[in-house]
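Use the sequences and the hints to build the structure in full.
Residues per chain are reported as follows:
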Amino acid sequence: MSAASASPVHRLSAASKLAALAVFGLALVLAGDPVVLAAGLAAALAVARVARLPMIPPPRGTRTVAAVLLVVVLANAVTVSWVAALATGLRLSALIVAAATVTATTRASAMLETLSALLRPLRKVGVDPEAVALALSLTLRFVPQLVELASEIRAAQWARGLDRHPLALMMPLLVRALASADAVADAIDARTFSTPEPPNTEPERR
Amino acid sequence: MNTRDLARIALLAALTAALGLVPPVLIPAIGVPITAQTLGVMLSGAVLGPLRGAAAQALLLLLVAAGFPLLAGGNGGLGSFVAPSAGFLLAWPLSAFVTGWLVRRFRRPGFAPTFAANVLGGIVVMYAVGVPWVALTVGVDLGTALIGSAVFIPGDLLKAGVAAAAAVSLRRSLALQV
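In order, the protein sequences belong to chains E and C.
Using this note's numbering, read the first sequence as starting at 45 and increasing by one per residue.
Using this note's numbering, read the second sequence as starting at 1300 and increasing by one per residue.
Do not take every clue at face value.
Label-pair ranges, simulated between beta-carbon atoms [to be verified]: (1) C:G1454 x E:L114: 34 to 44 angstroms; (2) E:A121 x C:S1468: 45 to 55 angstroms; (3) E:E174 x C:R1471: 31 to 41 angstroms; (4) E:A86 x C:G1409: 16 to 26 angstroms; (5) C:G1409 x E:G76: 25 to 35 angstroms; (6) E:A71 x C:V1450: 30 to 40 angstroms.
Non-contacting residues of chain C with respect to chain E, defined by C-beta distances greater than 10 angstroms in every case (computed) [as the list claims (entries may be wrong)]: (7) A1313; (8) L1342; (9) P1349; (10) F1367; (11) V1381; (12) P1392; (13) W1400; (14) R1404; (15) P1412; (16) L1419; (17) A1427; (18) V1450; (19) I1452.
Quick caveat, the hints were computed from the structure, so don't treat them as lab data.
It should be emphasised that the depicted structure is a prediction, and the values quoted were computed from it without experimental measurement.
The beta carbon of each residue, even a glycine, is placed where N, CA and C say it ideally should be.
Rendered as structure tokens:
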């Protein structure tokens, strides 16, 4: 995650960076001239430099991106033309650098807040922002819990001589995870978190 | 929607994220990594139903956009939404919705109907969004993009089968209402 106020780019609000990224992306999509697109890539790299993003060693995941870009450019050169391939390669690199810069310079919590604010108009169709906030934090809590549960089940199955069958792992994982999700929900209800509907009144399953 | 629904939505979103930890395979055709994550998309629809299934996937995309590395290979952030494969990602909520909607059409969804729903929702819908997106961003025609993406179909069919088997036996054992 990003260090607070490490650069002018870090200090910009998440909303302004998102808006800038949207405008930049739209401009890149509309531009077709490789020279303009090269200028766009240069601009994106300049912003990344101002933000002091580490280029050496290259950030995690860039190897996949580079492979994808290479394939995309080659496919384009073969089926269309070298100019089109160059334009596509430049456009995608500029977009990816810009998007990665916004993500790297913005705290996930700030970004989440801004994105959730964008969802506020959905309140009219029944999307409760408080429920969304709760669901978001539950999701983040459940990810490591699921990983832990999966390795626990796998170890137990390995001990019984059952080896790596996708359903053999999936079923107990889902059953136990759903049961624990229900337990978490009941605990939240017991602490009177208000949802639009009354809590589940069916008798507890054991 | 009560708190249990909310927790189950969060759980399926988390499951889709956790499936990303199963190592992805990058097929060097058009550069879309093959992951176990779409298994979670199909399961969301088949287990939770259309609206809650779509909500689970939308929730996950929100977290990914915020920068959490919840996609296969530790990927995440806004970069995932501008990559050539972004169409396949953006299709997840719609895929889960269609899968759930189709499963609900059947009175007693056994393996075959659930598998069909997974194929239509989890494969056909995803490709209907993802392939034109690849064609548009990469600048190749639809045919080329489709051929490049077709290498994933065997893996996708396998995932549809696993998701169907899991969803059917979950509904039996837990008496889940889709």
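Of the numbered hints stated previously, which ones are contradicted by the structure, given in increasing order? 1, 4, 5, 7, 8, 10 and 11
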